[in-house]
Amino acid sequence: MTNSSFTLVVLQIGLAVAIIVALIRKYLRTRDVGFVWLGVAAVIWPLASGFLAASLRMLVQRSINGSPVAVYPLSLIGHGELTYGTVLLVFNMTRQVVATGLMLIAILYLHRLPRENKVAAEA
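As numbered in my numbering, residues -8 to 114 make up the sequence shown, in order.
Derived from the structure by calculation, the hints contain no laboratory data. Heads up, some of the hints might be wrong.
What the hints assert, rightly or not - Derived DEER-like restraints, expressed as beta-carbon distance ranges: (1) G57 / A9: 42 to 50 Å; (2) D23 / S58: 17 to 25 Å; (3) T91 / R20: 24 to 32 Å; (4) G71 / V8: 40 to 48 Å; (5) A7 / T85: 19 to 27 Å; (6) G69 / I10: 38 to 46 Å; (7) T74 / R103: 39 to 47 Å.
Because the structure is a prediction, the values reported are computed rather than measured. For each residue, glycine too, the CB sits at the ideal point set by N, CA and C.
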């Protein structure tokens, strides 16, 4: 790992920690679960999906090198039913859909009116 790569990794971790601290502080003040969902969408999911992507890249590399991979859908590549590009495209699109869904859940929770304002709005 080069010095600039290491710096970027440290910066990414530092920013993630700053986001987590800010969201936890806001959640503790407001008790609004939307901030928890925002933390999952903005920090937890990108980290988890990054690990999944690294695992997928490792499996694809093994498959390219000729090692048999019995993991679905990579096993379909060996049979000629799918291409590497198709698998990677579907995986990346799935990551984006999950990220967008988590962000939507967070926004919907944060957009709710407080309980006392709901009662006034209904009257």
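Each hint, compared with the structure:
no., hint, result
1, G57 / A9: 42 to 50 Å, "44 Å, holds"
2, D23 / S58: 17 to 25 Å, "48 Å, violated"
3, T91 / R20: 24 to 32 Å, "27 Å, holds"
4, G71 / V8: 40 to 48 Å, "46 Å, holds"
5, A7 / T85: 19 to 27 Å, "22 Å, holds"
6, G69 / I10: 38 to 46 Å, "41 Å, holds"
7, T74 / R103: 39 to 47 Å, "44 Å, holds"
Violated hints amount to a single one, hint 2; each of the other numbered hints is respected by the structure.
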